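Once you've looked at the hints, go ahead and assemble the two chains, each given alone in its own frame, into the complex.
Protein sequences, first through last, are from chains G and Z. Per this note's numbering, the first sequence starts with residue 1, numbered consecutively. Per this note's numbering, the second sequence starts with residue 214, numbered consecutively.
No lab work stands behind these hints: they were computed from the structure. Please note that the accuracy of each hint is not assured.
[Said to hold, decoys possible] Within a straight-line C-alpha distance of at most 30 Å, the following computed DSS-like cross-link-like pairs (lysine-lysine) qualify: (1) K71(G) to K398(Z); (2) K190(G) to K387(Z); (3) K482(Z) to K225(Z); (4) K161(G) to K470(Z); (5) K190(G) to K400(Z); (6) K400(Z) to K6(G); (7) K71(G) to K25(G); (8) K161(G) to K243(Z); (9) K6(G) to K470(Z); (10) K482(Z) to K398(Z); (11) K225(Z) to K387(Z); (12) K190(G) to K225(Z); (13) K141(G) to K71(G); (14) K161(G) to K141(G); (15) K190(G) to K220(Z); (16) K225(Z) to K397(Z); (17) K190(G) to K141(G).
Predicted model only: the values in this text are computed from it and were never measured.
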Amino acid sequence: MDEFLKSCAQSIIDGDGDVAETLAKQAVDDGAPLIDVIEKGFAAGIREVGRLWGEGEMFLPELVMGAEAMKRAMAILEPSIAGSGGLKEAAGRVVIGTIEGDIHDIGKTLVATMLSANGFEITDLGADVPAGRFVDEAEEKRADCIAISALLTTTMNGQKKVIEELENRSIRGQVKVMVGGAPCNDEWAKEIGADGYAGDAVAAVALARSLVD
Amino acid sequence: MDRDFRKLIGRKVVLFDGGMGSMLIAAGLKEGEAPERWILTESEQVMGIHTAYVEAGAEVIQTNTFGANRIKLSSSRSGSSLDVAEVNLKGVELARRALEAAGHVDRFVAGEIGPTGQFFPPVGTLTAGEVRNAFREQARVLGHGGVDLFLVETMYDLREGLEALRAVREVSDKPVVVEFTFEKKPKGYFTLMGVTPRQVVEALLAEGADAVGANCSISSGEMVDLVFEFRSLTEAPILFQPNAGNPVMEHGIAIYKQRPEEFAGDIWKMVEAGANAVGGCCGTTPRFISEIHERLTHG
Chain G
1 MDEFLKSCAQ
11 SIIDGDGDVA
21 ETLAKQAVDD
31 GAPLIDVIEK
41 GFAAGIREVG
51 RLWGEGEMFL
61 PELVMGAEAM
71 KRAMAILEPS
81 IAGSGGLKEA
91 AGRVVIGTIE
101 GDIHDIGKTL
111 VATMLSANGF
121 EITDLGADVP
131 AGRFVDEAEE
141 KRADCIAISA
151 LLTTTMNGQK
161 KVIEELENRS
171 IRGQVKVMVG
181 GAPCNDEWAK
191 EIGADGYAGD
201 AVAAVALARS
211 LVD
Chain Z
214 MDRDFRKLIG
224 RKVVLFDGGM
234 GSMLIAAGLK
244 EGEAPERWIL
254 TESEQVMGIH
264 TAYVEAGAEV
274 IQTNTFGANR
284 IKLSSSRSGS
294 SLDVAEVNLK
304 GVELARRALE
314 AAGHVDRFVA
324 GEIGPTGQFF
334 PPVGTLTAGE
344 VRNAFREQAR
354 VLGHGGVDLF
364 LVETMYDLRE
374 GLEALRAVRE
384 VSDKPVVVEF
394 TFEKKPKGYF
404 TLMGVTPRQV
414 VEALLAEGAD
424 AVGANCSISS
434 GEMVDLVFEF
444 RSLTEAPILF
454 QPNAGNPVME
464 HGIAIYKQRP
474 EEFAGDIWKM
484 VEAGANAVGG
494 CCGTTPRFIS
504 EIHERLTHG
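Only chain Z is shown next, with the shape it has when bound in the complex (with noise of 0.2 Å):
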C-alpha cells in the first residue's frame, strides 16, 4: 500500500475503522471510567479491538485518545489522575503493535483529538490559548508517538475545530483530517453551535485540512444527504463515519439496532455520492466495517 496517505486518498476510497468507546462499554468499561485509562490498565483489550478492525480491512486504525487533551481528562475523576503524555504515547503505541500482530505494518495509524467538552463564552469560560495549548501539548506527543495522520473528531465550535487544526499544524506536516458532528434540523444540517457544513468546509480547508468531513450523532441513512452537501461545496477529499443508528435502551444497555449489511448499504450511497473515505462510529463494530470492506472490494 502507498504510505503516502494524501495520495492514497486523491487515489481511492480508504476505510477507516469503527466505534471504539462502544466496544470498551462491551468489553466491560466501567460507569463513568475514562476510556482512555484503558490504554494503561487493559491495554490488550484495546490492542484486541484495534486488531480486529485491521483484520477487518480498516486501512485506517485510530487511536484511544479521543478524550486525552488537559482539559478533558482533568473534568473526570476517572481521567484526572492520567498522565497526558504516558497516555497518549502509549495509545500510538498500542495502534501501531495490532498493525504488526495483524501482520499489515503498511496500514495508517491516525492520532485521534476530540473535543475539550468546553465552551467558549457565552456558553462557557474556555480560551482560544487555553484550548490550542491543550490540543498542541496532544498533538505533539502523538506526533512523537509515530502517528501517520491526524484526525479531529466530533467537533461542533468552529473556534474549537480550527483551534486544534491549527494546534496540529504548529507540531507536524502529517496530514489532517477534520470531522465536525452534525443534526439534521429542519432547515439542513448544523453543529450544536449552529455551525454549517459550508463553514466548516471553507475555515478548515483555507487553513490547511487535508480532509474534512462529518462523524457520530446521526445514523448512516441521516448522513447520505450530508456527503452530497459536502461534496456540493468542495473538490478536496471528504470523509464520513455515522453511527449505527440510534441507539435504544433496553434493560439499562443502550442496543444499536442497524444491522451491518444496512448500514454498508447507506456506507455504499455515500461513496456514490462522492465520499473519499469512510468508517463508523458509535455502535459500529468490525463486523460493520468487514461488510463496508466487502462492498468496497467487490461492489
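Next up, chain G with everything else stripped away, as it sits in the complex (with noise of 0.2 Å):
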C-alpha cells in the first residue's frame, strides 16, 4: 500500500495526469481506502508540489501540470467517495477573481488550482470582475470565501470596493475575505478590512483553510 500511495504522489509531482488517472482508477477497481489514497497519496504529491514551487525548485508549467493532474485523480475517486457513503464534504466554497480593469489571471487561476487542488470548491469568475459581481455570485453560491487578485497598483482598489458592497448588503459577517497580488500584502489586507493576504498559491490553499475553519 506505501508503496502505491508513493506512486501515486510521484504522478503528481512528475505532474502526470495519464498516470495519475490510471492509478485512481485502479485504486477504486481494488477496493482501496480512498480518503488515505487521497490524503497519503495525491495530496501529499501536491503539498510536495507546492513546496518545491515555494523554494524555487518548480515553476509555472510544473505547478499547472501537478495541479492538472490532481484534478484528473480527483475525478475520478471524488464520485466513487460519494457513492461509497464516506461523503467527503467540500472544504470550502470559494468565488475568486481578477479585479475589474485588471487582466491578470496567472496567479488567480494558480490559486484556484491549488485550491481545487486542495479539495475546495471553486468558482473562478475569471479577469476583470466588477465588484458588484463577486459578491452576487457569492450570495448564490453560499461561499464562504472571497478570493480577490489584483496585480496593479491602480486596480487594488476594487478589492475594497468588494468589501463595501458585502457591507452594503449587511453579508459581510457571512463570507471571509481573502486579497492577493503583487502589489498587496498584510497591511494592505488590514487597512481595506480583509480577512487576509496571501503571497501565493500555497499560502492561499493555508489561509482559505484557516479562514472557513
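Structure, rendered in C-alpha cells:
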C-alpha cells in the first residue's frame, strides 16, 4: 500500500495526468481506502509540488501540470467516495476572480487550481470582474470565502469595493475575504478590512483553510 | 552621435530611459485603463514624459507600446477598442517628436514590444502562430513608423521571446534587443517559467538578437549579480533596466522608496560588471536617469 501511495504522490509531482488517472482508477477498482489514497497519496504529492515551487525548484508549468494531474485523479475518486457513503465534504466554497480593470489572471488561476486540488469547491469568475459580481456570485453559491486578485496598483482599490459591497448588503459577516497579487500585503489587507492576504498559491491554500475552519 | 546603434553600443555605455507606466499613473492614468490608450487620448502627456527623459540624458527612448499587440489589447476592455496600427504608429511619432522638441534628433527611438500576457500549454492555450502573427503585426507598424531599433522586453517564456524576435526579424533588419524578467531564487535567477540567463543568452543570440539583458521584477541592488552572470556567458552587448526597489503600499498607492542616487550607484556597479547599456523600469523617473547620466559622464 505504501508503495502505491508513493506512486500516487509521484504522479502528481511528475505532473503526469495519465498515470494519476490510471492509479486513481486502480484504487477504485481494488476497493482501496480512498480517503487514504487522497490524503497520503495524491494530496501529499500536491503538497510536495507546492513546497518545491515555494523553494524555486519548480516553476509555473510544472505547478500547473501537477495541479491538473491532481484534478484528473480527483475527478475519478470523488464520485466513488460519494457513492460509498463516506461523503467527503468540500473543504469550503470559494468564489475567486481578478478585480475589474485588471486582466492578469495567472496568479488567480494558480490559486484557484491549488485550492481546487486541495478540496475546495471553486467558482472562478475569470479576470476583469466588477465588485458587485463577486458579491452576487458569493450569495448565489453561498460561498464561505471570496478571493480577489489585483496585479496592478491602479486596480487594487477594487478589492476594497468588494468589501464595501458586502457591507452594503449587510452580509460582510457571512463571508470571508482574502486578497492577493503583487502590490498587496498584510498591511493592505488590514487597511481595507479583508480577512487575510496570501503571497502565493501555497500560502493561499493555508489561509483559506484557516479562514473557513 | 553615431546614428548606428550597433556601433554605438559597441563603443560606449548607452543610456536608455526609465519607467513609463508608473509615470503615467502619477499623471493620472485611471484604474484599469490601458496605458497605450494615452498615446491617442493624452498624447501631450506621453510626449512630455519622453521629452523629460531625453532632457535627463537618455540616448534611447522607448515607445509607450508595451502592450500594443493584438492579443494583449483585445484582452482588456479599455484596450480592445484600440486600433493596433494607429496606436503603434502614433506611439513612434510621439517619441520622435519628443526628440525634435528637445533638440536631440540624433538620439534613438526604440519600438517597445511586451509580452502577450497569455500562455502556451500547459498553462494556457496560446499557439506559436498566434504569437508570431501578433508580434509581426506590431513590429511591422513600428518599423513603418521609423523606429531606430526594437526593444522586446519583460519576457518570461523562452518561446514567446523567440517568437517576438523572429517576428521582428521577418519584417526588419533594424537592431533588436531582448530583455527577460528574472526573479532571484535560492538557486539563482529564473523567470516565472523557470528560464535561466544561460538559456536566454544562448537561444536569443543564436537567432540574431543584437543584445540581450534583463528588466523589471527586481531592484537595482538585486540585479547587480545578474549582470556578472550575463557577462560570464557572453561577449555580446548586454542591457539592464531594474525597478526602483520594490513598491510599498501606502494608502492604496504604490510608493517606490529607492532614491535616485542609490539606484545610480547600483547601475554604476552594473557598468563595472560589464553592462553595455543601462536604464530603468517601474518606479524610475527622469531624476533617476539624470543621476545615471551624471555618473556615466563624470564617473
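Holds or violated: K482(Z) and K398(Z), Cα atoms, limit 30 Å. The given pair, whose Cα atoms are some 21 Å apart, holds under the 30 Å limit.
Are K190(G) and K220(Z) close enough, with their CA atoms no more than 30 Å apart? 53 Å, violated
If you draw a straight line from the CA of K400(Z) to the CA of K6(G), is it 30 Å or shorter? 27 Å, holds
Can you confirm whether the C-alpha distance between K141(G) and K71(G) stays at or below 30 Å? 21 Å, holds
Are the Cα positions of K161(G) and K141(G) separated by 30 Å at most? 20 Å, holds
Taking only the CA atoms, is the gap from K71(G) to K25(G) under or equal to 30 Å? Holds, at roughly 13 Å.
Are the Cα atoms of K190(G) and K400(Z) separated by 30 Å or less? 33 Å, violated
Given the hint that K161(G) pairs with K470(Z), does the C-alpha gap stay at or below 30 Å? Between K161(G) and K470(Z) the Cα gap is close to 27 Å, so the pair holds against 30 Å.
With the threshold set at 30 Å, check whether the alpha-carbon distance from K6(G) to K470(Z) stays at or below it. This hinted pair is violated, its Cα atoms lying about 48 Å apart.
Just to be careful, I want the Cα atoms of K225(Z) and K397(Z) compared with a cutoff of 30 Å; is the pair within it? 28 Å, holds
Taking only the CA atoms, is the gap from K225(Z) to K387(Z) under or equal to 30 Å? Since the Cα atoms of K225(Z) and K387(Z) sit roughly 19 Å apart, the hinted pair holds (cutoff 30 Å).
Given hint K243(Z) paired with K161(G) - CA-CA distance at most 30 Å: With Cα atoms ~16 Å apart, K161(G) and K243(Z) stay inside 30 Å; holds.
Violation of the numbered hints given earlier is confined to hints 2, 5, 9, 12 and 15; the remaining hints are satisfied by the structure.
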